[in-house]
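A.B. asks: If you're matching them up, the sequences are chains A and B in order.
Numbering-wise, the first sequence is residues 0 to 156 according to numbering that gives the first Met the number 0.
Numbering-wise, the second sequence is residues 0 to 128 according to numbering that gives the first Met the number 0.
In case anyone wonders, no lab produced these hints; they're calculated from the structure.
Incorrect hints may have been included.
[Unchecked claim] Not close to chain B: a few residues of chain A, all C-beta gaps over 12 Å, as computed:
1. SER30
2. TRP70
3. LEU72
4. GLY120
5. MET134
[As the list claims (entries may be wrong)] For the chain B half of the interface with chain A, some residues (derived, Cβ under 8 Å), not all of them:
6. ALA31
7. LEU33
8. PRO47
9. HIS51
10. VAL108
11. ILE121
Using N, Cα and C, we set each Cβ at its ideal position, and we do this for glycine too.
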Amino acid sequence: MRGLQHAAFGLKAGPEGSLALKGSSMHRNPSRPLSPHLTIWKWGPHMLVSILHRVTGAGLAVAGGAALVWWLLAIADGPDAYASFVEWTTWKWSLIVWIPLTWALFQHTLSGLRHFVMDIGAGYELPVNKFWATMTVVGAVLLTALLWAWILFGREA
Amino acid sequence: MTMETPLARVRGLGAAGAGAHHWWLERSTSIATLLLLVWLAVSLLRLPSLDHFTLVQWLSGPLGAVPMLLLVVSVFWHLKLGLQVVVEDYVHDEGGKLFWILVINFLSVLGAALALFAVLKIAFTGNAG
Numbered sequence: 000m001r002g003l004q005h006a007a008f009g010l011k012a013g014p015e016g017s018l019a020l021k022g023s024s025m026h027r028n029p030s031r032p033l034s035p036h037l038t039i040w041k042w043g044p045h046m047l048v049s050i051l052h053r054v055t056g057a058g059l060a061v062a063g064g065a066a067l068v069w070w071l072l073a074i075a076d077g078p079d080a081y082a083s084f085v086e087w088t089t090w091k092w093s094l095i096v097w098i099p100l101t102w103a104l105f106q107h108t109l110s111g112l113r114h115f116v117m118d119i120g121a122g123y124e125l126p127v128n129k130f131w132a133t134m135t136v137v138g139a140v141l142l143t144a145l146l147w148a149w150i151l152f153g154r155e156a
Numbered sequence: 000m001t002m003e004t005p006l007a008r009v010r011g012l013g014a015a016g017a018g019a020h021h022w023w024l025e026r027s028t029s030i031a032t033l034l035l036l037v038w039l040a041v042s043l044l045r046l047p048s049l050d051h052f053t054l055v056q057w058l059s060g061p062l063g064a065v066p067m068l069l070l071v072v073s074v075f076w077h078l079k080l081g082l083q084v085v086v087e088d089y090v091h092d093e094g095g096k097l098f099w100i101l102v103i104n105f106l107s108v109l110g111a112a113l114a115l116f117a118v119l120k121i122a123f124t125g126n127a128g
């Protein structure tokens, strides 16, 4: 396995998209499919969304999980503990946590829904796949902007 | 002597060595979490206020406490499964993998237990407690 990974690292696309194997004289057929590796594939939205899904998932797991526990324990603890929770969570600089966290929730939800579509075997055609991958990113940013516009400016009006 | 080929022994097991079970649970908990988060958002929007008294009142009733307990279980179950996949995919050393999976299991059970305790306390003691 190690040797195989090593060979994959040696593969680089040449100037005309042809493949040259570095440090080996082994013959390779350039028309054969390659193992999916970040250093070989041309970047596309599907790769970004795949990575975002994992990063936002990990972020939500840690920060979202902690926030949920904190909120519930504060309510259970009584009015004083809850008041201190509210003071911390409505402090204006805490938006540095809440805005990315809500974005992560929207991104993870939308890319998660995309996973369901792909789980049933649909949406793999290149233009369709690219379109919906892009839409999860656009949608998550849009929903985050709308939510915070409403929280910060909408409710007082 | 077994007639089973090595391929037949590993087919469908994947990096976690447990086949599609983990995958299926991850999907199930993701649907549950999504539905319960929609419930949470709608419930919070429908509450007349988000002060302590109102929240305790809400979580003392079965329509507040029970979905909240389910939400805690499904959120922590889902995040445990998700973090586990990340470790299985990126931590290649067996010892490190075991260590991080233990950490994830312990912390997600701890988080869930704390949250469940909080909801149960609110549900059983309410505003009198």
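A.B. asks: Which earlier hints turn out false for this structure, listed by number in ascending order?
C.D. replies: 2, 3, 6, 8 and 10
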